[in-house]
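Work the whole structure out from these sequences, hints included.
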Amino acid sequence: MRIFVCIKQVPDSAQIRVHPVTNTIMRQGVPTIINPYDLFGLEEALRLRDRFGGEVTVMTMGPPMASDSLRKALTYGADRAVLLTDRFFAGSDTLATSYALANLIQKASDNWGKPDIVFCGKQTIDGDTAQVGPGIARRLGLTQLTYVSSIDAIDPSHGTITVRRRADHGVQVLQSRLPAMITMMEGSNEIRRGRIEDALRAASAEVVQWNAAAAGITDLGHCGLRGSPTVVKKVFAPPSREEKATLVGEGAANPTAVANDLITQIFARQPVLEGDLMHAAARH
Amino acid sequence: MTRNHFDAIVVGAGPSGNAAAYMLAQRGLNVLQIERGEYAGSKNVQGAILYADALEKIIPDFRDEAPLERHIVEQRVWMMDDAGHTGMHHRSDDYNEDKPNRYTILRAQFDKWFSRCVKEAGATVIYETTVTSLMRDASGWVVGVHTDRNGEGITADVVILAEGVNGLVGRASGLREELKPENVALAVKEMHFLPQEVIDARFNLKGDEGVVIEAMGTITEGMVGTAFLYTNRESISVGIGCMVSDFTDVGQATPHGLLDRFKAHPSIRPLLEGSEIKEYAAHLIPEGGYKAIPELVGNGWLVVGDAGHFVNAVHREGSNLAMTTGRLAAETVADIILSGGSCSRHNLAAYVDAVKESFVMKDMKKYKDIHGFLKKGRHVVDLYPRLMNRAAQTWFRVDGVDKRSKESTIMREAWRARGIGGLMGDAFKLMRAWR
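As they're listed, the protein sequences go chains A and B. Take 1 as the starting number for the first sequence in the working numbering and just add one per residue. Take 1 as the starting number for the second sequence in the working numbering and just add one per residue.
In short, the hints are calculated from the structure, not lab data. Each hint should be verified, as a subset may be incorrect.
Stated by the list, open to error - The list that follows gives simulated cross-link-like pairs (lysine-lysine, DSSO-like), each with its CA atoms no further than 30 Å apart:
1) B:43 x B:180
2) B:356 x A:244
3) B:180 x A:234
4) B:376 x B:278
5) A:244 x B:278
6) B:356 x B:376
7) B:291 x B:263
8) B:263 x B:278
9) B:99 x B:112
This is the structure:
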């Protein structure tokens, strides 16, 4: 199988701070990571390759430093990494990004053959739009399978795939044709620790770098700021909440009773919460 | 599998490991460096002062590229009691020179840069990989390493253990003993963010000038240890450390408790006023001195940096000893391998000779008895700073008491605290240990 995986290098949101005065995100010095949602797609891709053979190519669009994330993907076991980088892409919104990535996939297909599956992250943790994957699928005419929690069956020779998809009110079992664009649900798998051979190979591997021209992108009007109709008017930090934690039943003789009372009151106010908790408990 | 064979494997990407890997790659050797952290510097903690000389001998023009904070123009040494400090300050415009001698650095950034240099020099560097043990052949000769990743072990002609203070690989492989609590200090530090202009004004600095404060006294609550405060460009590193054995044997203080108290000290609090804590860290420092240095070489392996216990606690030097031992190890190994020799204990002993010839072992040897002196004479870290501050106050207060009476008060207090025999004994023992 030939599998492409689109990833994005994002700031580690756990370590981001909002500037107390200007209310803007302080990106300086914040470590970068592979968008966590992308790793579920990468792991699924590696498993399929291990089962059926073939190769996994990871790709991204971003500044030159995004090659760090690609190299990390190689350490996990990907076979090849491609970086699309050009100042023309600066300021891309989801429309311009999916345009660039669709072209990148096209170019990569010309070089190494058409993919059976393109994996994308469900969404990114810095943009949260969940639009780029579907955008790519639409542009390349791929079947869209989003929010996939597991791949139940796959038949590369007949070009069919069966997946479970998380829908609003249940789970859909979908059968579809390949090639497909798939976004995986979080928790559907866990990224592996690459073998020592993968780590060694990744350390010295070449990350393929293409600029717009090398990727065959000539219509720069679709790229970067010029190709981005979305305008971010304002970014602000939500004000911190007013309510504070309160201490109840301090020094009470029977803390269990106090806790039980309290929980009953909370459930009375928010019945949904009780259902969710029972559901979660039943699953474990 | 020849792909997995290297001339040398360096375990760890701190100052000693980076120095060794860089020098080996420069000499054209096929080097693999293995770091357990996510990137070089992610696990490393230091005050941190960079001593230019040691790095200059490895990367002569490092100043053009390395992320440096401020160069040091002023050194303050403070003896503290609970109310204040008495100290010595040394500041000179001579330190505003073309090639300054000492800098404050942020290790997370500096180590990343150093690691990039290592890669550019041609070494293979892998991260997030922990060496779990050494691979040996039937005769016990070290021939490579095993890691925590699946797959085969990796072989090499020599393994350089630059694994830091804990020496886990060395211990797991029976090359060294467990760390002893009396041979390591535990230091904690915080980074306090302040605007550059505020730091400049507060410490009387301009441009990239920086100040170092080293402090001792009642702040360590009777334990052997020191505290520090270093100015970075937009932050202040503040920390304190004491011998691990003292934390268990002397008093009830916790490391963070000591740091909180130090930060609240009337001499320190105004310097940190209005700052925001950006990060905090803790680390062990090998401070057992000369007598705690483990076996340094064997068949197919050698030890550098903190793993070799190379820290001059008296002068707060460690990273320069680490870089120097890393460099000397690399020179020895490169000489051996390029001349077709084997990395036997006998051949690697040239590294030990080189360390002995250098300032590293000379300084370690000079202070070989300080450790024992402080262990037996813990009172000096508490008593003398207190006496000094009392004396200063008696001397400087103008209160109608004549100067001769003040002099005898000062003498009497010292006498009462320690007795003439004690005072003479401390002075004599310190002199002997210092020599």
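Exercise for the section: Please flag the earlier hints that this structure goes against, numbers listed from lowest up. Expected result: 2, 3, 4, 7
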